[in-house]
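Novice: Chain by chain, the residues run as shown.
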Amino acid sequence: MTKLKLLTAALLAAGALTAAAPASHAQQSVLRIGLAEDPDVLDPSRGRTYVGRIVFASICDKLFDIDDKLNIVPQLALSHETSADGLTVTIKLRPGVKFHDGEPMDAEAVKFSLDRHLTMQGSFRRPEISAIDKVEVVDPLTVKLTLKQPFSPLLAQLTDRAGMMVSPKAAREAGERFGSAPVCAGPYRFVERVQQDRIIVERFADYWDKDKVTIQRIEYRPITDATVRLANLRSGQLDLIERALATDIPQIRTNAQLRMAVGVDLGYQGITLNIAKSDAGRQAFGRDPRIIQAFSLAIDRQALNQVVFNGSAMPGNQWVNPENPYFQSRHPVPQRDVAKARQLMQAAGVRGPLAIDFMVPNNPEVRQVAEVLQAMTAEAGFDLKIRVTEFATSLQEAEQGRYQAYMLNWSGRTDPDGNSYSFHACNQPLNYSGYCSQAADALLNEARTKTSQAERKAIYEKLSDILLAEGGIVYLYHRPVVIVHSVRLEGFKALPDGLVRVVGLRFRGN
Amino acid sequence: MFTLIARRLIQLIPTIFFVSVMIFLLQQLLPGDPALVMAGEEKDPAVIEQIRQRYRLDQPLPVQYLAWIGGVLRGDLGESMRLAEPVSTLVAQKLPVTVQLAIMAMIFTLGIGIPAGIISAVKKDTAWDYVVNVVALWGISTPNFWLGIMLIFLFSVQLGWLPASGYVSPFEDFWASMAATIMPAFVLGNSFAGVIMRHTRAAMLQVMESDYVRTARAKGLDSRTVILKHALRNALTPVITLGALEFGTLLSGAVLTEQIFSIPGFGKLIVDAVFNRDYAVVQGVVLITATTYIVLNLLADIGYILANPRLRS
Chain A
1 MTKLKLLTAA LLAAGALTAA APASHAQQSV LRIGLAEDPD VLDPSRGRTY
51 VGRIVFASIC DKLFDIDDKL NIVPQLALSH ETSADGLTVT IKLRPGVKFH
101 DGEPMDAEAV KFSLDRHLTM QGSFRRPEIS AIDKVEVVDP LTVKLTLKQP
151 FSPLLAQLTD RAGMMVSPKA AREAGERFGS APVCAGPYRF VERVQQDRII
201 VERFADYWDK DKVTIQRIEY RPITDATVRL ANLRSGQLDL IERALATDIP
251 QIRTNAQLRM AVGVDLGYQG ITLNIAKSDA GRQAFGRDPR IIQAFSLAID
301 RQALNQVVFN GSAMPGNQWV NPENPYFQSR HPVPQRDVAK ARQLMQAAGV
351 RGPLAIDFMV PNNPEVRQVA EVLQAMTAEA GFDLKIRVTE FATSLQEAEQ
401 GRYQAYMLNW SGRTDPDGNS YSFHACNQPL NYSGYCSQAA DALLNEARTK
451 TSQAERKAIY EKLSDILLAE GGIVYLYHRP VVIVHSVRLE GFKALPDGLV
501 RVVGLRFRGN
Chain B
1001 MFTLIARRLI QLIPTIFFVS VMIFLLQQLL PGDPALVMAG EEKDPAVIEQ
1051 IRQRYRLDQP LPVQYLAWIG GVLRGDLGES MRLAEPVSTL VAQKLPVTVQ
1101 LAIMAMIFTL GIGIPAGIIS AVKKDTAWDY VVNVVALWGI STPNFWLGIM
1151 LIFLFSVQLG WLPASGYVSP FEDFWASMAA TIMPAFVLGN SFAGVIMRHT
1201 RAAMLQVMES DYVRTARAKG LDSRTVILKH ALRNALTPVI TLGALEFGTL
1251 LSGAVLTEQI FSIPGFGKLI VDAVFNRDYA VVQGVVLITA TTYIVLNLLA
1301 DIGYILANPR LRS
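Keeping their order, the protein sequence lines are chains A and B.
Counting from 1, position 118 in the first sequence corresponds to residue 118 in my numbering; the numbering is continuous, with no gaps.
Add 1000 to a position in the second sequence, counting from 1, and you land on the number used in my numbering.
Just so you know, the hints here were simulated from the structure itself, not pulled from any lab data.
Cβ coordinates follow ideal geometry from the N, Cα and C atoms, glycine included.
Relax, there's no trap hidden among the hints.
Ranges between beta-carbon positions, derived for each pair: (1) B:T1291 x A:R367: 36 to 46 angstroms; (2) B:P1031 x A:R508: 46 to 56 angstroms; (3) A:E173 x B:Q1027: 30 to 40 angstroms; (4) B:D1173 x A:R508: 24 to 34 angstroms; (5) B:Q1027 x A:N427: 25 to 35 angstroms; (6) B:Q1158 x A:E81: 54 to 64 angstroms; (7) B:D1058 x A:R367: 31 to 41 angstroms; (8) B:A1202 x A:V262: 53 to 63 angstroms; (9) B:A1046 x A:R177: 21 to 31 angstroms; (10) A:A303 x B:E1172: 51 to 61 angstroms; (11) B:T1291 x A:I200: 27 to 37 angstroms; (12) A:A375 x B:P1031: 20 to 30 angstroms.
Here are some, though not all, of the chain B residues that point toward chain A, as calculated from beta-carbon distances under 7 angstroms: (13) L1036; (14) G1040; (15) V1047; (16) Q1050; (17) R1082; (18) L1083; (19) L1090; (20) I1152; (21) G1160; (22) A1164; (23) S1165; (24) Q1259; (25) K1268; (26) R1277.
Stretch-level coverage of chain A by chain B, calculated; a stretch enters the list once three of its residues show a Cβ under 8 angstroms from a Cβ in chain B: (27) 43 to 51; (28) 172 to 183; (29) 231 to 243; (30) 387 to 394.
Just chain A, with the same shape it has in the complex (with noise of 0.2 angstroms):
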């Protein structure tokens, strides 16, 4: 039987290695913190993922950053100055800034990464400041943007990745290896990844607001499992994890070592309907605009928030929150109205059970949504056949028209513009439903054109007024962010981008 007392050798050593490796709690100038996916490529100019954009936050920092009511605040930049026509931006720059190589952020090193972001070989960001011309140099600490038109979403997209800035010399060097190690003038340098498994930065002693910065180490772990994520937390293994489910919720309250943070998402989630994108749209909702209005009040979305979330996520029914500036409150979420939804139907001459070839990706979360508006929708007449899609292929099926409903998700951007433009314009990339409206583009564009909050939001007070009678999306509602962190963890603030700030982080104690 010497298999056997192998065996139990074996046991026997497995268990005294269990012993020997407790979770230690002691060491903590190490921050972990659990990502829902494994970013991609962490290139500034080429990255295209929300989870990158949670990396980037502590090795990029950006001309500007939001805070928590969503102004437009400086980081890189002190201050900045749009001129009367619009037509150029003059930044100003934080003196005695460094880059990770020690390379000085100046003017030089802003026109460097703007002209990068614009003329790079598979850059992300041009489309999101093309209406930049040219970049100048005034002073050391000055840059002056000429645009080709008056652009004012702008800024805000300069709060994101377009507004971080990479170190000249290392960019030039590594070339299109930047990415692999990426040198910007975040409160952290990179310093190792293994693709799934790790990403680890370290402080950086020259930052420029060093004095807030007191965690030595973060070591970012992508988990995708929800449920092991909040297992490693629970056990001590992370500090922090991003996108926890909102069915987790309640259990995540009643856990005195760990505290939650419940944003609302600045995107949506929605379904996109097909009104004259293929054929197969202009039997459906194309038909007439009161089929749309129906299938909108056939909706109850408090009782839908209820049964899928819980009652955490915010039901919605506009391109921004309620909560957001932006938010006209003079169309509010509607009331579920099933009459009244019929009557529409019966006065847009559909006749019987109206059947929709309804596309909903496949994740638990949103087939679930799907299921209880296909409940929802058959008392006005619509029939919902739900064809689960894995994720790839819906977006082409969406680009080539081959459905009538689609369910989808948008992750959000600062400026309404970015939530409303691509998806209402005529033939703009995102616009799957095909929906084109001179009236509606006018508007769109002239939103661009204004810096005033309140002129802006007069232009997409009327904008929602014809978008949401006969416009191609029909909102449902606004996801949480629920990010939750050990109660060691302190300084935590949650912003509306559900990105994680490092920057005012620190452990109990230390």
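Once you've looked at the hints, dock chain B against the given chain A.
Specialist: Showing chain B alone in chain A's frame:
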């Protein structure tokens, strides 16, 4: 013997070529446009166009294939669209992880499966046999993701003995590495131990009835020698084959288990690549695992010949 091995090695070339064509073509059958997936949320048409050009997606299939296979022959597996890293770098990062996990899982599989099979065969129709069979059935039928999550809750959340997930290289810190991989290895090994147990049991039962075992007993040998020296050796042949194939499967990555324990191995790499239509990564990883599998098969055959003199002629 050598001519046999040489012949098998030559046969490898068309097999691997065929595999490479299949990988390439099957992937094209996947619906979804990689450029659309890669174009980020904004899906700017100019960006999409650049992606198509850069990764040759706008060229005919044969051209794409030749460009890829030409690179492979020069040792260049291409570049990941999503991560902008060479595929060979990714493979070099993941392969040791997967190999370590596979070896540890095999230790669990064989360490549990073979002794359990022997016990159940020798103590046929006793309480021992029933218990072992029930446990084996449980092992086979327990889903990996469920067992994984349960183990995490018990050993990481409740008891706090083991890290819930992640990976540490054994060259960095041996014990931390063992602590990080023992649960996933057990989950993987456990699911297959039942199969090994059933095969060991069946083979043992058959062998125990045979004449030479009766002769051995008649010679007056004690039952331990009869079982372990005479019976088991012959009974192990099918188990070796199964084990080698299973090892090959483990080397291609254990998708669910790696996902649950966040082990950065082949399984996770390939799943992410498929969902993101990261063609170069899918092709590279599948080609490497397929080649490994074929080579392992060859090694198993050679091992057979070495172990069984009757096959040598």
